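What follows is the residue order along each chain.
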Amino acid sequence: MSEKIKHFPGEAVSGRDIRDGKVPCIKHRPNVKYLWSAGVAMSRFIEGMKAGKIIGAKCVKCKRIMVPPRAFCEECFRPIDEYIPVKDTGTINTYSVSYVAGDASRIKEPILVAVIDLDGASKGMGILHILGEISDWKQIKFGMKVKAVWKPANEREGSVTDIKYFKPFKEG
Amino acid sequence: MTDVAIVGVGCTGFKTVSPDVSYKELMFEAATRAYQDAGNINPRKDIDAFISVAEDYWEGFSIFDEFVPDQLGAVLRHLFTVSGDSIIGLGTAHMLIKTGHFDVVAVESHGKPSDILTLYDIVSFAMDPVFNRPLGGHPFYLAGLEMNRFLFETGNTKEDCAMVAVKNRENALRNPYAAYGAQIDLDDVFCSNPYFYPMNKFDISQPADGGIVLILASDEVASDLNDCPIWIKGVGWATETPSLESRSFGDAVYAQLSAEMAYREAKITSPSREIDFAEVDDLFSYKELQHMEALRLCDVGEAGQLIAEGVTGIDGDLPINVSGGNLGMGWALEASGMQRLLEVVIQLRGDAGERQLADVEVGLAQSWRGIPTATGGTAVLSNC
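Protein sequence lines, in the order shown, are assigned to chains Z and B. The first sequence begins at 1 in my numbering and counts up one residue at a time. The second sequence begins at 173 in my numbering and counts up one residue at a time.
The set of hints was computed from the structure by calculation and includes no laboratory data. Wrong hints could be hidden among the right ones.
[Unchecked claim] In silico SDA-like cross-links for lysine to any residue, where the CA-CA straight-line distance does not exceed 20 Å:
1) Z:Lys33 <-> B:Gly232
2) B:Lys217 <-> Z:Pro79
3) Z:Lys63 <-> B:Arg216
[Unchecked claim] Computed spacing ranges between beta-carbons, pair by pair:
4) B:Lys217 <-> Z:Gly15: 52 to 58 Å
5) Z:Leu128 <-> B:Thr329: 57 to 63 Å
6) Z:Lys50 <-> B:Leu291: 27 to 33 Å
7) B:His250 <-> Z:Ala153: 42 to 48 Å
8) Z:Pro30 <-> B:Val189: 21 to 27 Å
9) B:Glu417 <-> Z:Arg16: 33 to 39 Å
10) Z:Ser105 <-> B:Met173: 54 to 60 Å
11) Z:Ser14 <-> B:Asn365: 49 to 55 Å
12) Z:Asp20 <-> B:Arg216: 55 to 61 Å
13) B:Arg216 <-> Z:Asn31: 40 to 46 Å
14) B:Leu345 <-> Z:Leu35: 29 to 35 Å
15) Z:Glu155 <-> B:Leu307: 44 to 50 Å
16) Z:Gly158 <-> B:Leu307: 39 to 45 Å
Every value quoted in this text rests on a predicted model; they were computed, and no experiment measured them. Glycine included, every Cβ here is placed at the ideal spot set by N, Cα and C.
The shape of chain Z in the complex, shown without the other chains:
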């Protein structure tokens, strides 16, 4: 409503009216399910996570070590040469503080998301993950060192969530 218009003609419709079927509408829940083949590169990554290792891919032509691993170098357009583990430590490339959950509701404890350049991978290569053991997000700094906190081996299932989070870490 603006200052000039105090009332629109007609009857207001609420979300509840739609849910209650007072307004004609169509509801359909599609049955849409996939089971993607992980393939050569992603299978290595998944197996690596189970073993507590982050696997990268190396291209000898451009000398990059790429994370996440891929079967081909997208810069040189050639098959990669080797799968090698990188370290589970790194530095914060960028971060954000997410106050909103996946369903758009407000969350009390914000999720700290970060892109982490992993040690042993080429510059600007790493992992998107969440940060933990940080009491005040204002402590997060660009270039801050962090280290993966892994789930116990018997709980890992070949997923990025086999790393619980990355926590602040002092070298040496």
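Given chain Z, work out where chain B should sit, using these hints.
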């Protein structure tokens, strides 16, 4: 105006399943082969634009376009996705080159139906939610409706359709890219389970995984990239109404209109005389006959007679689907039309090995986007 040729083809597949590779690795292999075939070009600098043909629901990603560049060598380059049939993708690349702004364009399409657990639910999801979807059932009954009306209107028979299945499955045995080559006879088709009257199981193509990349080039550079450029003489596409209640079920109007558009550009007035062989959509056996008639490759009601007389066989005067078609190669979602293009290029180059047709100069590729669409494309290609 600029003429456009296909100067490179690359294919991987087609197989009933492909658990060994991800969709990215599948696309990378097809692209690698195509670039090598097109004079070993480097996609990082020699290709001006890239087009992928893909549909989000087939892939299982929202905005699938964004997952495409890496495996095609198209990172930080000019790329977009056509969410449609792959011959429409070809037509788009053709136009890009005709603008004069692009000399070399890659077109990619793949299908990996083995990654989809609910393939036919996704087909149902393409149907109207108010008028059609609530009725339930398998969406392929639409093909039963269409086949029945087509046979009724034209006088073609169920036997004629079964002959298509027999011919194309046998043709596929000579095609290393085909997933469903088989020696079957008419009784096998008639004795296969009734699925959607008048259609039996063997009248229906089965899913297959694979990918194809084509490289298109302007006449200025085509001969540098390939000794045998295959010229695109005309491309067309068309869509009828989505309304199943008011659609033409007997004849494939989308195919007629797409062909007329392609024929106009290719200056073809008598397709049955001027076209040496054709690859037409045969996702269902009757579709081959219906499409032949829509494309004016024969008169209405005549297609069944031609297959009965062997005219459309590999040794006939008008070979149709020497590759095995979709019945023989497999239903590869949006890549189904690319299979048709691939075979026409291979035949016109003279590279088809034991299934090579003699003295072919003009070939036609035609595609349909499948149930429940009424969309299709046609391309006329020539080696001279």
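Exercise. Are the Cα positions of Lys33 of chain Z and Gly232 of chain B separated by 20 Å at most?
Worked result: holds (8 Å)
For this session: With 29 to 35 Å as the target window, see if Leu345 of chain B and Leu35 of chain Z comply at their CB atoms.
Result: At 30 Å between Cβs, range holds.
Problem set entry | Supplied distance hint 44 to 50 Å, evaluated on CB atoms of Glu155 of chain Z and Leu307 of chain B | holds (46 Å)
Exercise. CB of Arg216 of chain B to CB of Asn31 of chain Z, is that within 40 to 46 Å?
Worked result: Check passed, 41 Å falls within 40 to 46 Å.
For this session: For the range 42 to 48 Å, tell me whether the beta carbons of His250 of chain B and Ala153 of chain Z fit it or not.
Result: holds (46 Å)
Problem set entry | Range agreement (Cβ of Arg16 of chain Z with Cβ of Glu417 of chain B, hint 33 to 39 Å) | holds (34 Å)
Problem set entry | 39 to 45 Å as the expected CB spacing between Leu307 of chain B and Gly158 of chain Z, which holds or is violated | holds (41 Å)
Problem set entry | Pairwise beta carbon distance, Lys217 of chain B to Gly15 of chain Z, judged against the given window 52 to 58 Å | holds (54 Å)
For this session: May I ask you to test the hint 49 to 55 Å on the CB atoms belonging to Ser14 of chain Z and Asn365 of chain B?
Result: With Cβ atoms ~51 Å apart, the hint holds.
Exercise. For the pair supplied as a hint, Lys217 of chain B and Pro79 of chain Z, is the alpha-carbon distance within the 20 Å limit?
Worked result: holds (18 Å)
Exercise. Should the hint that Lys50 of chain Z and Leu291 of chain B are 27 to 33 Å apart at their CB atoms be regarded as holding?
Worked result: holds (30 Å)
Exercise. Would you say the C-beta atoms of Leu128 of chain Z and Thr329 of chain B sit inside 57 to 63 Å of each other?
Worked result: Cβ of Leu128 of chain Z to Cβ of Thr329 of chain B: about 60 Å, so the range 57 to 63 Å holds.
When the structure is compared with the earlier hints, no violation turns up for any of them.
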